[in-house]
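A.B. asks: Sequence:
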Amino acid sequence: MAAVGQMSSTRGASAVQSVWSDVPGSRMHALLVGEGAPVVLVHGFGVSGAYMLPLARALAASFSAFVPDLPGQGKSTQLLGEVSISQLAVALGAWVEAEGLTRPLFVANSMGCQVVTELAARRPSQVGPMVLIGPTVDPARRAARHQLVSALRASAREPFALMALAARDDLSAGIRVLLSTSRAVLADRIEDRLPRIQQPTVVVYGDKDSFVDQEWAERVATLLPRGRLRIVAGEPHAVHYTRPELIAGLVGELVIEEGQHASRELRRRLEHGNVSATKVRQPDVDHCLPPFLRNRERHEAVALAPYEKRRRTNARQLVSQITAPDERDSAGEVERPGPSDVDCEHR
Numbered sequence: 000m001a002a003v004g005q006m007s008s009t010r011g012a013s014a015v016q017s018v019w020s021d022v023p024g025s026r027m028h029a030l031l032v033g034e035g036a037p038v039v040l041v042h043g044f045g046v047s048g049a050y051m052l053p054l055a056r057a058l059a060a061s062f063s064a065f066v067p068d069l070p071g072q073g074k075s076t077q078l079l080g081e082v083s084i085s086q087l088a089v090a091l092g093a094w095v096e097a098e099g100l101t102r103p104l105f106v107a108n109s110m111g112c113q114v115v116t117e118l119a120a121r122r123p124s125q126v127g128p129m130v131l132i133g134p135t136v137d138p139a140r141r142a143a144r145h146q147l148v149s150a151l152r153a154s155a156r157e158p159f160a161l162m163a164l165a166a167r168d169d170l171s172a173g174i175r176v177l178l179s180t181s182r183a184v185l186a187d188r189i190e191d192r193l194p195r196i197q198q199p200t201v202v203v204y205g206d207k208d209s210f211v212d213q214e215w216a217e218r219v220a221t222l223l224p225r226g227r228l229r230i231v232a233g234e235p236h237a238v239h240y241t242r243p244e245l246i247a248g249l250v251g252e253l254v255i256e257e258g259q260h261a262s263r264e265l266r267r268r269l270e271h272g273n274v275s276a277t278k279v280r281q282p283d284v285d286h287c288l289p290p291f292l293r294n295r296e297r298h299e300a301v302a303l304a305p306y307e308k309r310r311r312t313n314a315r316q317l318v319s320q321i322t323a324p325d326e327r328d329s330a331g332e333v334e335r336p337g338p339s340d341v342d343c344e345h346r
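Residue numbers for the sequence shown follow numbering that gives the first Met the number 0, beginning at 0 and rising by one.
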């Protein structure tokens, strides 16, 4: 039986609840937003479910958005021993059962795609349609060196508030969990199981993604028997964070296409091109950030712009030092900062 606690004083569909469930090997925490048919949002590596909150709020007008913290991340306790994708999938499946969810639609990002597809291959009866955003890991980029370069490039492209949230979650998880999970991510062969998965699936690719190549995203969609690709121009790896309303629209369309839980109101809003009734602003995750990073829209230009510029410059320079000349960022020659710009400490 799940234990539910109120996390936000906001009333209505946008109120955030904190839900706890006991599964074998872990006590799992999840956030719950909205009312309606269930949609489960599964986060990626090194972060908690908090970075899925903007999307959860975008879905809240029509769905119950569940945002679990995978074991060892966020508030969920870690599993014993070495982490594997299959262990995380088993835990997620046990959590779905504990919550009493029947074939919910899943939206996953990055490593979360590996976990959800593993669950779909193992227990297809537990998984409904899927939206896979920036699925990892491309077999050509499984070396740790490639992942380091991808992370550095991402730090130069992803929104500042999201990177701050990731840094906080990295510290919370601890180095042992992060290393164990990273080994699991790189060892997993997602491509071997995709042809066995029969769920209708939309693969979403932001064409500014630093972790995933378009060729790999296309391959994922092709390997899935009922997969199709949606390319989002100008967006990074975390499309669900930068464009939550767009992803909410894809979820609504997928639900209607599959005839699952299609309420009259949802059909009406789809016909009028307004799937997401709630405008989602970036500060939806403010309560998850340190105080000096809150109210980002109001203060970023003054307080954070200098640090943001140094952060992006340093990331590009490190990529330049690690990679060979022919592997450099496609955006062009790496910016050459002066000595004062190399130090990323916030002065």
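Hints are computed from structural coordinates only; laboratory data are not their basis.
Treat the hints with care, as some may be off.
[Said to hold, decoys possible] EDC-like mimics (lysine to aspartate or glutamate), calculated; alpha carbons at most 20 Å apart, straight line:
1. Lys207 with Glu244
2. Lys74 with Asp21
3. Lys207 with Asp137
4. Lys207 with Asp191
[Unchecked claim] Label-pair distances were calculated between CB atoms; the ranges are:
5. Pro123 with Glu252: 17 to 27 Å
6. Thr76 with Gln16: 32 to 42 Å
7. Lys74 with Pro138: 27 to 37 Å
8. Gly24 with Arg188: 21 to 31 Å
9. Pro23 with Leu178: 39 to 49 Å
10. Arg102 with Ser17: 16 to 26 Å
11. Ala232 with Thr76: 37 to 47 Å
12. Glu256 with Arg141: 15 to 25 Å
13. Gly24 with Glu256: 15 to 25 Å
14. Thr76 with Glu252: 12 to 22 Å
Values in this document were obtained by computation on a predicted structure and should not be read as measured data.
Just so you know, even glycine gets a beta-carbon here, dropped at the ideal spot from N, CA and C.
A.B. asks: Now, for every hint given, state plainly whether the structure supports it.
C.D. replies: Results of checking the hints against the structure:
For the suggested pair Lys207 and Glu244, the alpha carbons sit about 18 Å apart, so the restraint of at most 20 Å is met. A distance of roughly 13 Å separates the Cα atoms of Lys74 and Asp21; the hinted pair therefore holds under the 20 Å criterion. Simply put, Lys207 and Asp137 have alpha-carbon atoms about 16 Å apart, close enough for the 20 Å limit, and the pair holds. For the hint pairing Lys207 with Asp191, the CA-to-CA distance comes to about 26 Å; that exceeds 20 Å, so the pair is violated.
For the pair Pro123 and Glu252, the beta carbons lie near 22 Å from each other, so the given range of 17 to 27 Å is met. Distance hint check for Thr76 and Gln16: the Cβ-Cβ separation is about 19 Å, which falls outside the suggested range of 32 to 42 Å. For Lys74 and Pro138, the Cβ-Cβ distance of about 33 Å falls inside the hinted range of 27 to 37 Å, so the restraint holds. Hint check: Gly24 to Arg188, Cβ distance near 23 Å, so the stated range 21 to 31 Å holds.
Separated by about 23 Å at the C-beta atoms, Pro23 and Leu178 break the suggested range of 39 to 49 Å. One distance hint, 16 to 26 Å for the beta-carbon pair Arg102 and Ser17, holds here, with the actual separation near 24 Å. Roughly 40 Å separates the CB atoms of Ala232 and Thr76, a value that falls within the hinted 37 to 47 Å. Distance hint check for Glu256 and Arg141: the Cβ-Cβ separation is about 33 Å, which falls outside the suggested range of 15 to 25 Å.
In this structure the supplied range 15 to 25 Å is violated for Gly24 paired with Glu256, their Cβ-Cβ distance being about 36 Å. A hinted range of 12 to 22 Å is violated for the C-beta pair Thr76 and Glu252, which are about 36 Å apart.
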